[in-house]
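Chemist: Guided by the hints, dock chain B onto chain A, whose structure is given.
Read off the chains here:
There are 2 protein chains.
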Amino acid sequence: MPPDSGQARAVVDAVLPVVDGGRFAVKRVVGEPLAVEAHVITDGHDQLRVMLQWQAEGGALHETEMQHLVNDVWQASFTPQAIGRGFYRVEAWVDHFHSWRHELLRRVDDEDIRIAALVGAELLEQAAQRAGAGAGEGPAGDGRHLAEWAAQLRQGAATQPFDGPQLKALALDELLARVADRHPDRSLAVRSADLPLQVDRERARFSTWYELFPRSAGTEPGRHGTFADVEARLPYVAEMGFDVLYFPPIHPIGRDKRKGRNNALDAQPGDVGSPWAIGAAEGGHESILPELGTLEDFRRLVGKAREHGIEIALDIAFQCAPDHPWVKSHPQWFRWRPDGTVQYAENPPKKYQDIYPFNFETEDWRGLWSALKGVFDHWIAQGVHIFRVDNPHTKAFPFWEWCVTEIKREHPQVLFLAEAFTRPKVMHRLAKLGYSQSYTYFTWRNTKQELTEYFTELSQGPGKDYFRPNAWPNTPDILNEHLHGGGRPIFALRLVLAATLASSYGIYGPAYELMENAPRSPGSEEYLDSEKYQLRHWDLQRPDSLRQLIAQVNHIRRRNPALQQLQNLRFCHTDNEQLLAYTKRDAASGNTVLVVANLDTRNRQSGWVSLDLAALGLEPDARFHLHDLLSNQRFVWQGAHNFVILDPGQAPAHVFRVTQQLQGEQDFDHGL
Amino acid sequence: MPPDSGQARAVVDAVLPVVDGGRFAVKRVVGEPLAVEAHVITDGHDQLRVMLQWQAEGGALHETEMQHLVNDVWQASFTPQAIGRGFYRVEAWVDHFHSWRHELLRRVDDEDIRIAALVGAELLEQAAQRAGAGAGEGPAGDGRHLAEWAAQLRQGAATQPFDGPQLKALALDELLARVADRHPDRSLAVRSADLPLQVDRERARFSTWYELFPRSAGTEPGRHGTFADVEARLPYVAEMGFDVLYFPPIHPIGRDKRKGRNNALDAQPGDVGSPWAIGAAEGGHESILPELGTLEDFRRLVGKAREHGIEIALDIAFQCAPDHPWVKSHPQWFRWRPDGTVQYAENPPKKYQDIYPFNFETEDWRGLWSALKGVFDHWIAQGVHIFRVDNPHTKAFPFWEWCVTEIKREHPQVLFLAEAFTRPKVMHRLAKLGYSQSYTYFTWRNTKQELTEYFTELSQGPGKDYFRPNAWPNTPDILNEHLHGGGRPIFALRLVLAATLASSYGIYGPAYELMENAPRSPGSEEYLDSEKYQLRHWDLQRPDSLRQLIAQVNHIRRRNPALQQLQNLRFCHTDNEQLLAYTKRDAASGNTVLVVANLDTRNRQSGWVSLDLAALGLEPDARFHLHDLLSNQRFVWQGAHNFVILDPGQAPAHVFRVTQQLQGEQDFDHGL
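If you're matching them up, the sequences are chains A and B in order. Numbered per the working numbering, the first sequence spans residues 6 to 677. Numbered per the working numbering, the second sequence spans residues 6 to 677.
Just chain A, same shape as in the assembly (with noise of 0.2 Å):
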């Protein structure tokens, strides 16, 4: 026990939110409030001051007072102004100054009064001496006032006849207790662990993403597409309101054991193989396959796109082809067989012969972290701050942990979101360890109990300070069983339920807005003629096209705060299994979103939604407004509870703008 605890009676029991202990970052965006609560206690009845400290790696220690709210719980907010790393904490002590104004408050008898004001005088000789220190951050004439101050209880307590009432009001003055307040005695103070904070740009909790394959952006079917291509695509996908714009691997693509179309284990001459197969004779991971164009090219795009207001994402996915230039230059980084060749990726009894994991047991760790941050490295320095990165959990999580932590210390605008549709556990270690975003489950949640239950998990769960969710209604790895065979209804839903319910959602396109729907073989996740193993050429422009559903639910996204947040995700109870209903409301602003989806894609449903109507800022009895942002139909309601009726013909759901509808009010927004 060190020689100076002994005497310090103030207790930090807890501070919240709380990752591990502390042991990883709690996550939260440039101007998004951290409410901390701290369960402070002492021993007997004397009185705490309890600071929320907080600092910026490299910045200054900032403090806040934090306030008891009950049960031993204090509580105070701070909102991280910068991206980076940083720190809070909790210090607290026994306040002398406080606890002796705390009694007095109570005592009634002279003598008390008088003796508490002898007691009183020294708290404030002592604060006076720390004001006149210049240890205290008031201004320069504290010291002076407290000294005064002392003074005249000393007089009062020593004036004859003795007037305690007169005397107690002197004590209990509140312009002075400020003016104490500013210098207290904290030589006992306590403190709990810095706990660390990751403050990252307001992209990593409100983002928009669309996949598609360069090669397919060509304009002419056949053609092998460009960055050019997609340089010319970038309108239409502005147009949808999309502000990640990102890309499966744009590396050369091996040569050796290369798959053909629709996964077949031989390629035929022209194929053009899997851009996941990285690496051949023209170079690995930071080089570009020559049919896309050039780095200038990249780099062109990388700016053309930021004009559009979209930044380029790029897949990072680390596995070698055979012929990738590492597998002669390093072969330390793969496991060999006894039989001289390269261990394959498998999972008995799949083969990935085209595919070459590295061994992170490998002696040469220190090479092979280094080289693959070095990938990294290399696409920050052309202009990517987001990576989607392919299958992390098949790397090993001490390098994730470092790689990421290495990597936001240099570049903290940098993202990452990991490509893990795995175990949950093994999702959340990534999330905790650096991972800026995650993909979700949501893709298999279909059902009211399973999207309830499932988002009620990602927005309240253990998860919340540090799993940022990101949904996908398809991938080109996951084409949805219930989108087999679907139409306009199903593909307008999940779009829906994706951009509201989670505030990162993203589709890999043109597949989702032109509705393809066809699996390689009933029953199976993989697309027909996917994209993965072929050029496809899109008819961007074919009338039923989503694109202008897309486009107006992403411009609803952006003009309400609300659904640029999770945490504020509520469900509320309606009495059909088919009508999914639930709100948010932005704190900041008061602007409130109440989605009712009807889950069935065939029928019409109908029935009641109950709303929490005090959590929504709604008074009980009074009229409130509903704009429908989808229809841009308006109604009035009253009350807890609703009447709703839905035709999947003619909208998947109602996204209503809530308003209390106040006498001679405007609405909030009258566009849209």
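Mixed in with the good hints there might be a few duds.
Note that identical chains are pooled: a pair holds if it fits in a single copy or bridges any two copies.
Below, simulated DSS-like cross-link-like pairs (lysine-lysine); rule was C-alpha separation at most 30 Å, straight line [stated by the list, open to error]:
#1 LYS356 with LYS173
#2 LYS469 with LYS430
#3 LYS355 with LYS173
#4 LYS430 with LYS262
#5 LYS378 with LYS430
#6 LYS262 with LYS173
#7 LYS453 with LYS309
#8 LYS378 with LYS333
#9 LYS173 with LYS430
#10 LYS453 with LYS537
#11 LYS309 with LYS469
#12 LYS173 with LYS537
It should be emphasised that the hints constitute simulated quantities derived from the structure, not laboratory data. Since the model is a prediction, treat every value here as computed from it, not as a measurement.
Modeler: The following block gives chain B in isolation, referenced to the frame of chain A:
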């Protein structure tokens, strides 16, 4: 990052149970299994091996293999065999032998099997080396067996024509796999933090307390009782089945500012004062009030009690009467007021001029801590191993953590009960920092909902691994309103509830068994003519005494291991708000108790009780026996729902032992 950690791929994400991330110890008693869960993952499909390790302080390290349950949760148990401090932790590694075997199971191609055999041979040769080097724990022949096995695999792989199935069978040999498992490659093992464990003797969990004032143990009214009188009272206490007999402070009582009867400010001549006003000319916390007897008498009483299976527990109250010798010898341990007097205890406007608290902020805190610990040491030397600590929450928490930890290290058999009737987080902190048992809110929990919620929290809530409740229907300070003017039904009910809900409980007697029910004033929780301020004389032979019922209940507790635990408590649904039903089952013996209590002490109540048959080890349709251990009635029930009638004039509750009716089998126990 340590230079040797880069290759290790196993991750121990969590180990449970854990208290505040390992800051405080999990508690168990000797012979009570500790089931440990670990969340362990690695990248990819490789197989893990996970070990639970534990060690008593100064003992050998033990290890047992953990089993994978589901969803990356691993489980194993161990049973501590000795009291004292220890730790447990989890060690895990990616096991190449298991991974190889796991993959081989699914291999079908001959060439794959051939390569796998060669890979396996290499793994086995390495294992043989480890076995030969004596690193393994297996029999001496292991190294030779493994080397032979490797040679056979190599031979099989080279044989022409090649027989895949035969070689696969040889490679998958179960017996040899078990030999190989004894010599794993643990060079890349990772380890959780050491999590502290406090192992106490059984009485920490299962104890039955009786409190009495020795000075009221005299045989004639008006005569001050002595330790010799208490000695004569031992058979009475033992017959009721108590195993802890605890006394309020037995030290000299201050004369200065002594309180009179019923807490009168001025004592009258002959008034004996409050035992909590500790210290006078005769001595302080290490002395005995002369009227009670000598130290020799006390030691004799401790020994006699032990012969009756009873431990003497002392109340330790760290506060001083104004004439306590320490006030003069150690003035620096008290807070002095400007008028030159010592600050007495007060909570304005209430004043306790007869009590001086210690100042834990004293510069001489080391001296104070040492003296206070010395008090425990002194009484431990007299044979006292259980202490009830008065108002621990008004003394500094860091002191308690040090004091309790030090004492338990020197005397691991010592137990501490915290008398902290205060706010939840304060009570929990005391339990976390080392108190063996804690008083509870039981006294103020009376309705079905209150009792269900509170005991669910106590048995299943976050404190279950460190907070051991001790339930008291009354104390010298608390005559709950429900007992005011009450008779046998309410006294019997509260006794049965305390004794069967909690595994530790106690009563303050003879006030309890004689149903003392008069408050000092209406609504007050103080007893009229409280023993705290005067001698009392009790007629123990009163025919309406509850002593027989108490004896019976305590006998039932001793005979039924299910009642000696708390975490096994489960409430059952009943359709009557006045019927409270709950079960306890001892996993080791199968002993099962069902209590159905009638909370209405005036009216007969009846209703349906619903059991979770599976949880009680009962077949869904089988008939089962219920033996009411209170009334000695026997019932046969079938199915989950059964009807119960209880008349408060007859019995407060059914306390059933439940046994499955098996053909030809006798009851678990025919005696009570």
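Chemist: Indicate, hint by hint, whether the structure satisfies it.
Modeler: The hints, checked one at a time:
1. LYS356 with LYS173: The answer is between: 19 Å across copies meets 30 Å, while 85 Å in one copy does not.
2. LYS469 with LYS430: This pair counts as both: shortest intra-copy Cα distance 14 Å, inter-copy 25 Å.
3. LYS355 with LYS173: Result: close only across copies, 18 Å inter versus 84 Å intra.
4. LYS430 with LYS262: Cα proximity of LYS430 and LYS262: none, with 34 Å in one copy and 64 Å across.
5. LYS378 with LYS430: Intra 24 Å, inter 46 Å, cutoff 30 Å: intra-copy only.
6. LYS262 with LYS173: between (90 Å within a copy, 28 Å between copies)
7. LYS453 with LYS309: Classified as neither: same-chain Cα gap 41 Å, cross-chain 69 Å, threshold 30 Å.
8. LYS378 with LYS333: within (20 Å within a copy, 70 Å between copies)
9. LYS173 with LYS430: Answer is neither; intra-copy 60 Å and inter-copy 34 Å both fail.
10. LYS453 with LYS537: Answer is neither: 32 Å inside a copy and 63 Å across each miss the 30 Å cutoff.
11. LYS309 with LYS469: Classified as neither; 35 Å inside a copy, 60 Å across copies.
12. LYS173 with LYS537: neither (81 Å within a copy, 36 Å between copies)
Against the hints set out earlier in the document, violations occur for numbers 4, 7, 9, 10, 11 and 12.
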